[in-house]
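**Student:** In the order they appear, the protein sequences are chains L and C. Once you know that position 439 of the first sequence is 441 in the numbering used here, the rest is easy, because the numbers rise by one and skip nothing. Once you know that position 500 of the second sequence is 502 in the numbering used here, the rest is easy, because the numbers rise by one and skip nothing.
Any given hint could turn out to be false.
Which copy is meant is left open, so a pair is good if it fits within one copy or across any two.
Stated by the list, open to error - No farther apart than 20 Å at their CA atoms in a straight line, the calculated lysine to aspartate or glutamate pairs in the DMTMM-like style are these:
#1 LYS123 x ASP248
#2 LYS455 x ASP162
#3 LYS200 x GLU132
#4 LYS393 x ASP365
Quick caveat, the hints were computed from the structure, so don't treat them as lab data.
Number of protein chains: 2
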Amino acid sequence: MPLSAFLFQRALQASQRIPNHSHLLFLFAVSSGGFVTYADAKSENDPKLPQVSTKKRIVVLGTGWAGISFLKNLNAYLYDVQVVSPRNYFTFTPLLPSVTCGMVEARSIVEPIRRIIRKKKGEVTFWDAECLKIDPFNKKIYCNPCAGSNVEGGGEFIVDYDYLVIAVGARVNTFNIPGVLEHCHFLKEIEDARDIRKNVMHCFERASLPNLNDEERQKDLHFVVIGGGPTGVEFAAQLHDFITEDLAGLYPQVKHLVKISLVEAGEHILTMFDKRITEFAEKKFRRDGIEVKTGFQVVNVSDKTITMTSKSAGEASVPYGMAVWSTGIATHPVILNLMKQIGQSERRVLAVDEWLRVCGCEDVYALGDCATTVQRKVMEDISAIFKMADKDNSGILTLKEIQDALKEIYLRYPQVELYMKTKHMTDVVDLVKEAKGEEAKVSAELNIEEFKKALANVDSQVKTLPATAQVAAQQGHYLAQCFNKMKETEDRPEGPIRIRESGRHRFKPFRYKHFAQFAPLGGEQTAAQLPGDWISIGHSTQWLWYSVYASKQVSWRSRMLVIMDWLKRFIYGRDSSCI
Amino acid sequence: MPLSAFLFQRALQASQRIPNHSHLLFLFAVSSGGFVTYADAKSENDPKLPQVSTKKRIVVLGTGWAGISFLKNLNAYLYDVQVVSPRNYFTFTPLLPSVTCGMVEARSIVEPIRRIIRKKKGEVTFWDAECLKIDPFNKKIYCNPCAGSNVEGGGEFIVDYDYLVIAVGARVNTFNIPGVLEHCHFLKEIEDARDIRKNVMHCFERASLPNLNDEERQKDLHFVVIGGGPTGVEFAAQLHDFITEDLAGLYPQVKHLVKISLVEAGEHILTMFDKRITEFAEKKFRRDGIEVKTGFQVVNVSDKTITMTSKSAGEASVPYGMAVWSTGIATHPVILNLMKQIGQSERRVLAVDEWLRVCGCEDVYALGDCATTVQRKVMEDISAIFKMADKDNSGILTLKEIQDALKEIYLRYPQVELYMKTKHMTDVVDLVKEAKGEEAKVSAELNIEEFKKALANVDSQVKTLPATAQVAAQQGHYLAQCFNKMKETEDRPEGPIRIRESGRHRFKPFRYKHFAQFAPLGGEQTAAQLPGDWISIGHSTQWLWYSVYASKQVSWRSRMLVIMDWLKRFIYGRDSSCI
């Protein structure tokens with residue numbers, strides 16, 4: 003029995019039961035038969051007739067940064083909101099590396115969804131379930147309960163939506179390297195962090211057993227971190243601190259045998275940061291005794307050794323005690339399935355437009371790590387842009403006409419503004435000069451060919467947003483604002499002019515604002531990349547890190563707990579129990 | 003290959019390697035072949051000749067209450083101490099029920115062994131391993147590493163001892179009832195408490211899913227606690243508080259469907275407590291809506307239902323969401339194996355004498371839940387006691403002779419003192435009266451037959467000590483004191499007179515002092531049984547509970563953390579994340 007037919011049968015069964023908590027109208031229109039069932043989802047105790055909610059139904063998939071940011075900012079009075087996630091809590095992921103070594107406790111950085119929901123006004127329902135399949139044509143999602151079910155058949159259920167907000171995040175990408183899934187630890191979920199913590203201790207206990215020689219002990223105490231991105235680097239730094247500050251005193255017989263290796267396929271670690279930060283980090287790690295193996299590609303992981311290749315050194319296998327895989331993200335199966343349905347099967351990542359709408363279907367939005375914004379290229383629309391700017395239809399753009407249109411162009415094509423900034427152009431004249439050379443001084447007018455030439459390189463400035471919490475949170479906030487203003491903007495759209503059609507877009511497109519990105523390097527030292535090419539490194543940045551991360555907590559409860567954890571660590575050190 | 007042969011081979015392999023951390027001399031004398039190998043367990047880096055430690059080697063099995071209490075009180079300068087345990091931390095077990103519902107965090111009630119060891123002066127080594135077999139005749143234990151091993155063959159090893167202190171605790175007793183092991187949660191380890199906490203949340207999430215009817219939701223929210231002892235009662239109370247104080251607000255749609263049942267085979271719950279406490283607890287539970295099912299015996303547990311029988315109601319099956327099994331303890335397999343070797347195979351629990359020495363072998367001690375003290379009966383020694391008291395060998399005991407011997411008798415046979423106290427006898431004359439009736443007034447002398455008659459019933463006062471943390475801790479302290487005084491007492495024994503031989507026992511026998519036993523009943527109410535038939539119930543007792551439990555923590559760190567957790571709960575409630 004195919005899944006959809008099975009789920010349909012389950013839904014039929016369900017419709018014959020009498021749930022008491024939901025006043026939704028279940029309307030099934032399964033494509034195969036066009037059969038319609040009508041399930042009165044009302045309580046037996048409720049004598050009133052079923053009422054069809056007039057509110058539009060928003061279904062949110064996921065309770066990570068994007069999902070929660072959307073939920074917190076949404077005016078839940080306006081919609082019937084349902085949240086579906088296999089985790090009934092939000093995790094403050096930037097502190098996950100801190101959990102691995104007991105800087106903070108797992109429970110301090112999570113916040114139950116139902117607590118967040120309770121604080122909100124309006125009706126929000128949470129289902130602790132995993133979405134198995136999205137049907138964007140019939141506006142349904144198929145879900146499977148996470149905590150199992152006492153009901154025969156497993157309790158799968160279907161949720162209908164008017165708007166779907168996909169914020170399921172990404173999966174770990176093993177690049178199909180054999181052994182990674184079986185033998186490496188990951189660092190995406192709270193359970194991963196806990197497992198790592200327990201395993202670090204296991205390695206030390208294992209290495210302390212009798213009847214081993216130094217070589218065997220060294221094997222147990224070789225910690226390999228694969229991936230020189232911010233997470234991998236922070237984990238390596240935290241582990242180094244944990245060992246030198248706490249474990250060295252508790253395991254004096256084996257402390258000299260510990261080794262941490264950081265393996266990165268590229269030429270440098272922290273490549274997304276400024277070169278100065280990269281250099282500082284590499285130097286600090288070398289000083290700390292952390293081996294930075296850049297230019298090494300992992301090709302195989304067995305239970306006892308990791309095999310890597312490098313151009314200079316060829317292939318080599320190193321024994322290890324614990325390996326943490328922290329490189330690359332992949333698309334969730336449920337998203338891959340959706341992509342197939344909507345003609346995105348050629349892509350690796352789900353594409354959304356600048357309004358976070360999934361390309362190829364209606365009323366589906368995707369944000370956070372599970373999607374990539376595809377910025378409309380200037381060169382695709384160049385004729386239409388020219389036409390829009392050429393108010394007098396003369397076939398020639400005057401300087402004034404360009405000047406007038408520039409604001410609209412910036413709004414719709416942010417790469418133009420970015421391009422001018424990068425090229426240190428202060429004025430539109432500079433742009434015209436680019437096309438006409440010194441001739442611009444004489445005639446500051448452009449025909450279509452010259453206009454094309456002027457903007458020929460701007461699309462090179464289109465960049466994919468990084469898969470960070472900051473981006474996801476801003477997208478969630480943006481989309482919630484759009485939903486909140488849905489009514490008002492119907493008549494008074496606030497977006498840019500439609501280039502190929504008439505009128506305006508309803509909303510401004512999403513625009514990411516970079517605040518700061520931190521790279522904690524251990525020993526109370528942190529590097530930060532601030533807006534405008536500013537960088538900051540050292541102890542003071544660590545304190546900035548403490549204050550930013552404390553203030554960004556999702557609740558006062560979390561904030562208090564995280565600060566208490568930091569204090570606890572200052573006073574008593576980190577716990578070394580294998581739990 | 004049998005285990006011993008396999009381990010022997012492993013040990014041989016090990017002897018060929020060069021460990022660097024231990025200066026022990028490994029001397030293997032396996033019974034089968036009498037073959038002796040001589041492994042120089044010295045570091046390659048150490049140029050000195052191997053030195054045989056002149057200190058006696060104490061091996062402690064287990065890091066629970068008994069083991070840690072022994073370790074903390076032992077003068078580790080006098081011995082070469084090795085601790086073997088599958089847990090590298092001590093758990094403050096009386097707070098385990100609090101962990102199940104998030105009153106305190108798991109990490110707050112554990113203390114790493116290595117931290118305890120570091121604080122001690124003298125040499126103490128810890129092995130994170132499980133003892134698989136004790137060989138009391140060759141004074142060896144066979145161990146298996148817990149965290150696995152990178153070494154071929156699994157890394158099993160052998161530890162030699164001069165004195166062995168067994169403090170491995172007990173296992174859960176399922177009484178071979180089918181399904182208990184598979185479907186019930188237990189409450190002995192920190193992992194159990196965490197599992198329960200996660201599962202309570204799973205039950206609530208499961209019951210909140212769509213398409214269920216009330217009956218199905220009720221099933222998910224039926225929490226069954228089996229065992230009306232202090233742990234089961236406290237867990238039921240904690241769960242009730244968790245639900246009413248925190249979860250009811252987060253799961254308003256299903257809160258009215260929750261049910262907690264407490265199943266007890268006996269006539270009452272908390273039977274080890276005073277009747278007034280039992281009555282109060284049963285009344286309070288009924289008022290709280292906790293169903294107290296006394297007189298019900300569980301006979302089968304399936305994944306969905308629990309089957310019980312009772313005299314009045316016959317057999318009945320009830321559906322459930324989660325079941326916690328908290329009744330009865332059983333002996334560890336390693337202890338059962340030891341018992342077989344030393345001729346205790348007929349017994350259910352390992353027998354030790356009043357000095358905690360395992361009966362049937364030399365230099366092996368057992369304390370805590372893994373052993374039971376077999377108190378020497380007065381009637382077994384009655385003739386010898388008479389002879390000892392009868393200083394003038396007249397065949398008649400005068401009142402003075404009895405009076406003189408009484409102190410020694412009390413010391414060796416505490417049941418005599420207890421008997422007199424229970425019978426409200428203030429004087430030895432009362433005891434003589436018991437034998438001779440009113441005649442005692444005339445002649446206060448006893449012949450052997452009358453003496454026997456006087457003491458005929460005292461042995462009924464011999465009671466097994468309860469399997470509590472209090473007993474284990476006191477035994478650990480007692481045994482450590484004995485080991486500390488081993489030298490001094492060689493010439494100056496401080497124990498009671500040997501009744502059947504000459505001289506004195508080296509040490510006083512272990513004597514348990516009851517301080518207080520608490521039964522927290524939820525809603526900030528606790529009952530306590532204090533020494534001397536005093537009982538205390540109510541809010542004030544809850545505060546007594548808080549202060550006793552805070553003060554009894556094993557370290558200042560734990561104390562601070564536990565108090566912080568209590569405060570956190572007061573302010574923010576308990577966390578409901580499924581982690």
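**Student:** Could you work out which of the previously given hints the structure breaks and list their numbers from low to high?
**Tutor:** Hints 2 and 4 are the ones this structure does not satisfy, whereas the remaining hints hold.
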